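The listed protein sequences derive, respectively, from chains A and B.
Per the working numbering, the first sequence starts with residue 1, numbered consecutively.
Per the working numbering, the second sequence starts with residue 1001, numbered consecutively.
Since the hints were made in silico from the structure, they are not lab data.
On a predicted model such as this, the values are computed, not experimentally measured, just so you know.
Every residue, glycine too, gets a C-beta built ideally from N, C-alpha and C.
Keep in mind that the hints are not guaranteed to be accurate.
[Claimed, not checked] Pair ranges (Cβ atoms, derived):
#1 B:Asp-1375 with A:Thr-19: 57 to 67 Å
#2 B:Asp-1043 with A:Asp-375: 39 to 49 Å
#3 B:Asp-1300 with A:Arg-202: 58 to 68 Å
#4 B:His-1403 with A:Val-22: 38 to 48 Å
#5 A:Arg-97 with B:Gly-1199: 31 to 41 Å
#6 A:Thr-19 with B:Tyr-1407: 26 to 36 Å
#7 B:Asp-1334 with A:Arg-202: 42 to 52 Å
#8 A:Thr-135 with B:Ala-1050: 51 to 61 Å
[As the list claims (entries may be wrong)] Keeping only pairs whose Cα atoms sit at most 20 Å apart, straight-line, the calculated DMTMM-like set for lysine to aspartate or glutamate is:
#9 B:Lys-1053 with A:Asp-54
#10 A:Lys-201 with B:Asp-1400
#11 A:Lys-53 with B:Asp-1054
#12 A:Lys-269 with A:Glu-230
#13 A:Lys-53 with A:Glu-259
#14 A:Lys-201 with B:Asp-1406
#15 B:Lys-1201 with A:Asp-406
#16 B:Lys-1201 with A:Glu-235
#17 A:Lys-269 with A:Glu-235
2 protein chains.
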Amino acid sequence: MNDASIERCHLTHLECSLTGDVYPAHSRAGLSAAGRPLLVRYDLSAVARALTKDALNGRPADMWRWRELLPVRRTENIVSLGEITTPLLESPRFARRIGAPGPLLIKDEGRLPTGSFKSRGLSVAVSMAKELGVTRAVIPTAGNAGAAFAAYCARAGIESFVFCPDDAPESTIAEASLFTPHVWRVNGLITDLAPLIQGGKRILEWYDMSTLKEPYRLEGKKTMGFELAEQFGWELPDFIFYPTGGGTGLIGMWKAFDELEAIGWIGSKRPRMVAVQSRTCAPIVRAFQAGHSEAAPWEDGFTEVPGVRVPWTVGDRLILQVLRESEGFAIAVDDGAVAQARIELAASDGINLCPEGAATLVAYRECVRRGDIPDGACAVLFNCASGLKNPVPAPTRHIDRHHAVDYSRL
Amino acid sequence: MNDASIERCHLTHLECSLTGDVYPAHSRAGLSAAGRPLLVRYDLSAVARALTKDALNGRPADMWRWRELLPVRRTENIVSLGEITTPLLESPRFARRIGAPGPLLIKDEGRLPTGSFKSRGLSVAVSMAKELGVTRAVIPTAGNAGAAFAAYCARAGIESFVFCPDDAPESTIAEASLFTPHVWRVNGLITDLAPLIQGGKRILEWYDMSTLKEPYRLEGKKTMGFELAEQFGWELPDFIFYPTGGGTGLIGMWKAFDELEAIGWIGSKRPRMVAVQSRTCAPIVRAFQAGHSEAAPWEDGFTEVPGVRVPWTVGDRLILQVLRESEGFAIAVDDGAVAQARIELAASDGINLCPEGAATLVAYRECVRRGDIPDGACAVLFNCASGLKNPVPAPTRHIDRHHAVDYSRL
Chain A
1 MNDASIERCH LTHLECSLTG DVYPAHSRAG LSAAGRPLLV RYDLSAVARA LTKDALNGRP
61 ADMWRWRELL PVRRTENIVS LGEITTPLLE SPRFARRIGA PGPLLIKDEG RLPTGSFKSR
121 GLSVAVSMAK ELGVTRAVIP TAGNAGAAFA AYCARAGIES FVFCPDDAPE STIAEASLFT
181 PHVWRVNGLI TDLAPLIQGG KRILEWYDMS TLKEPYRLEG KKTMGFELAE QFGWELPDFI
241 FYPTGGGTGL IGMWKAFDEL EAIGWIGSKR PRMVAVQSRT CAPIVRAFQA GHSEAAPWED
301 GFTEVPGVRV PWTVGDRLIL QVLRESEGFA IAVDDGAVAQ ARIELAASDG INLCPEGAAT
361 LVAYRECVRR GDIPDGACAV LFNCASGLKN PVPAPTRHID RHHAVDYSRL
Chain B
1001 MNDASIERCH LTHLECSLTG DVYPAHSRAG LSAAGRPLLV RYDLSAVARA LTKDALNGRP
1061 ADMWRWRELL PVRRTENIVS LGEITTPLLE SPRFARRIGA PGPLLIKDEG RLPTGSFKSR
1121 GLSVAVSMAK ELGVTRAVIP TAGNAGAAFA AYCARAGIES FVFCPDDAPE STIAEASLFT
1181 PHVWRVNGLI TDLAPLIQGG KRILEWYDMS TLKEPYRLEG KKTMGFELAE QFGWELPDFI
1241 FYPTGGGTGL IGMWKAFDEL EAIGWIGSKR PRMVAVQSRT CAPIVRAFQA GHSEAAPWED
1301 GFTEVPGVRV PWTVGDRLIL QVLRESEGFA IAVDDGAVAQ ARIELAASDG INLCPEGAAT
1361 LVAYRECVRR GDIPDGACAV LFNCASGLKN PVPAPTRHID RHHAVDYSRL
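The shape of chain A in the complex, shown without the other chains (with noise of 0.2 Å):
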């Protein structure tokens, strides 16, 4: 069994995304010696005569039937919570109010498991740490990916340490501490966590899970471009709204259809990669409106989108090039609007976004403002968590049923 589910991994090594340069498959590895994300590389031929679309659609309608093109070698490595295809939902009632000129489509990441697209990523890094024989393990995280990991390590048993701003949100700082007792709030942002990530890594041998500073996250968030073209009967949406703080997703996606494209799968066509960051935190809009290749740290970042709230990524390279590959770009939205979208499209249509979801939506409207978008374009937003981690709150009424009800006033 051990040397049938070996045969279905493909993995031929890693590559630094800066320089090309080739490190070996199946290590514990962090950023490559420029200090840049290295890319998991596969015998895409030998995936292509191994993996049959027939053979995908008898298997279970999760994140693992995609296994020829993961990293993991063995089947008992796999550490798993039900990573089940996600939905996607139309918006036809918001759609036709704001007069889009297609159809609009959202991508539920919300329902994966801890409610986040965190968990693919973290799955598959999960995974492959336990695969590597990685005992204790550390992730800094705005919110999110910090319950996933937990979750994920938890069910592997492998100690989980975990550092938030002190200002990230209560709820998903609660949820990692469901899975382990190791949750620390840190004074400053996501970025002024890597010194004290970088202390603890000599001393208590963490293996580092941040943000594309191991290769295996990205492999398990490029599932979502699988998926896409999958639910899209392997042709692709027009557009993809993304909303882009560490920028995975972005890059996975585009790694995703490239990967596709190889195996004979889909042809060149490429959706246009929109990122989605708020005004007051958008390195990435910067670096794109200005033409640059790398994106400067922004100061003082602040917005009330937790995920988006990320003054730096090391990513930040690679995001740039899928935006311009893809005749892509960014935009970035008032935070103000986006607590207002999400009312909206719930009343409308009966979804109830996360904030960075809705920061899509409120993209998106801008963009058919100006006419950016074509008729008949059709455009995927993610969702990329549950609506329930942050909860609107509501005004409250009150029926004294002791005394006749008016039910006019209703």
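Given chain A, put chain B in place with the hints provided.
Frame of chain A; chain B shown alone:
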């Protein structure tokens, strides 16, 4: 297209669950003349001819793959928010720790729209309401049903009214309020809401979607039984532990098993059905233990497990019947043990149960302790909602990054 979709509908009539009296299909039905729930009946020979397992496998992994055994006639009336097949998760570490004699599986219903299993029933009920031309609907709820109801009504364009006890969880009231402005708190228990709703039905022409007071929610809930059968390869587990408030799911699954046997997809073997309630609000447990066929209302019922805070249900006879026919039983648990079990399972297996789900875990552990689970017996526990709806407050730990960190203390 419409004609084709009608051909897939095999509904014949509605039937009083007490007297067997027949009522017309496709009507805005409430309770029967005997004041009891109506059951939807199908031409199961026709279903057996129309539906094959191969056809089923080729359909998307969601609730609507069971279309031939659901009451909606026209495809365009389906109101869906992506009712995906929910995962079955093993809990090997917890099982080992408590000395479980067989596999312990959790059906994670928190992945459904609005984060709870209420979406199954309300997706079907609201679809039927749309098909029957309903424009205004009402529901009494202790929590999760209100949000699901309001979300599906928003999507269908049906005006919705939600009434809940004034101490219902804040989070679920906030969630429902996203989808409708008509959310009202009322002093009293869920059973106290009936007269208030009765009054409004006359004046505002509400369609009443109270548990089991219309026949279609049950049809959505029964898909839990279909899914389990499919996930177990057309066998069934030995035990099903189900948190029991209104009891629709328990009754629904039992109906599903009978329908699957009638179309020849499963044999006569059934799981032992176990109704789980709280010791402080346990009408079904009391009635079961006393050998009664009906359950008297529980006086002054209070429990911190919101979903089972139901002192009486119109489905009492049906629930007790299912427990007895299945050679199952009813068991009450301590609220205090529930919170603790939830934390234990999260830390051991990475699963964040809702309080109701954790109640089934306490019940299962108690059954293991007293030797009620035979060697090798497989148990499925229903986690009926996302744990995110009821966060567990966490201890707060701070690090000042401007000072040296004592890593040994982490």
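These are the hints, each one checked on the structure:
1. Hint check: Asp-1375 (chain B) to Thr-19 (chain A), Cβ distance near 59 Å, so the stated range 57 to 67 Å holds.
2. For Asp-1043 (chain B) and Asp-375 (chain A), the hinted distance range of 39 to 49 Å is satisfied, since their beta carbons lie about 46 Å from each other.
3. Range check, Asp-1300 (chain B) to Arg-202 (chain A): about 60 Å between beta-carbon atoms, so the 58 to 68 Å window is met.
4. At about 41 Å, the CB distance of His-1403 (chain B) to Val-22 (chain A) agrees with the hint of 38 to 48 Å.
5. Checked against the hint of 31 to 41 Å, the C-beta distance between Arg-97 (chain A) and Gly-1199 (chain B) comes to roughly 34 Å, which is consistent with it.
6. For the hinted restraint 26 to 36 Å between Thr-19 (chain A) and Tyr-1407 (chain B), the CB-CB distance of approximately 33 Å keeps it satisfied.
7. Checked against the given bound of 42 to 52 Å, the beta carbons of Asp-1334 (chain B) and Arg-202 (chain A), roughly 46 Å apart, stay inside it.
8. Between Thr-135 (chain A) and Ala-1050 (chain B) the beta carbon distance is about 54 Å. The supplied range of 51 to 61 Å therefore holds.
9. For the given pair, Lys-1053 (chain B) sits about 17 Å from Asp-54 (chain A) by alpha-carbon distance, which is consistent with the 20 Å threshold.
10. Annotation: proposed proximity of Lys-201 (chain A) to Asp-1400 (chain B) holds, straight-line Cα distance about 18 Å (limit 20 Å).
11. For a cut-off of 20 Å, the pair hint linking Lys-53 (chain A) to Asp-1054 (chain B) stands: about 17 Å separates their Cα positions.
12. A threshold of 20 Å between alpha carbons decides the hint, and for Lys-269 (chain A) with Glu-230 (chain A) the separation of about 15 Å falls inside it, so the pair holds.
13. Restraint check for Lys-53 (chain A) and Glu-259 (chain A): the C-alpha separation of about 14 Å stays at or below 20 Å, so the hint holds.
14. At roughly 13 Å between alpha-carbon atoms, Lys-201 (chain A) and Asp-1406 (chain B) fall within 20 Å of each other, so this suggested pair holds.
15. Under the criterion of a C-alpha separation no larger than 20 Å, the hint pairing Lys-1201 (chain B) with Asp-406 (chain A) is consistent with the structure, at around 13 Å.
16. This hinted pair does not check out: Lys-1201 (chain B) and Glu-235 (chain A) have alpha carbons roughly 49 Å apart, beyond 20 Å.
17. Note on Lys-269 (chain A) and Glu-235 (chain A): the hinted pairing holds, with a Cα-Cα distance of about 8 Å set against a maximum of 20 Å.
Comparing the model with each numbered hint stated earlier shows that hint 16 is the single one that does not hold.
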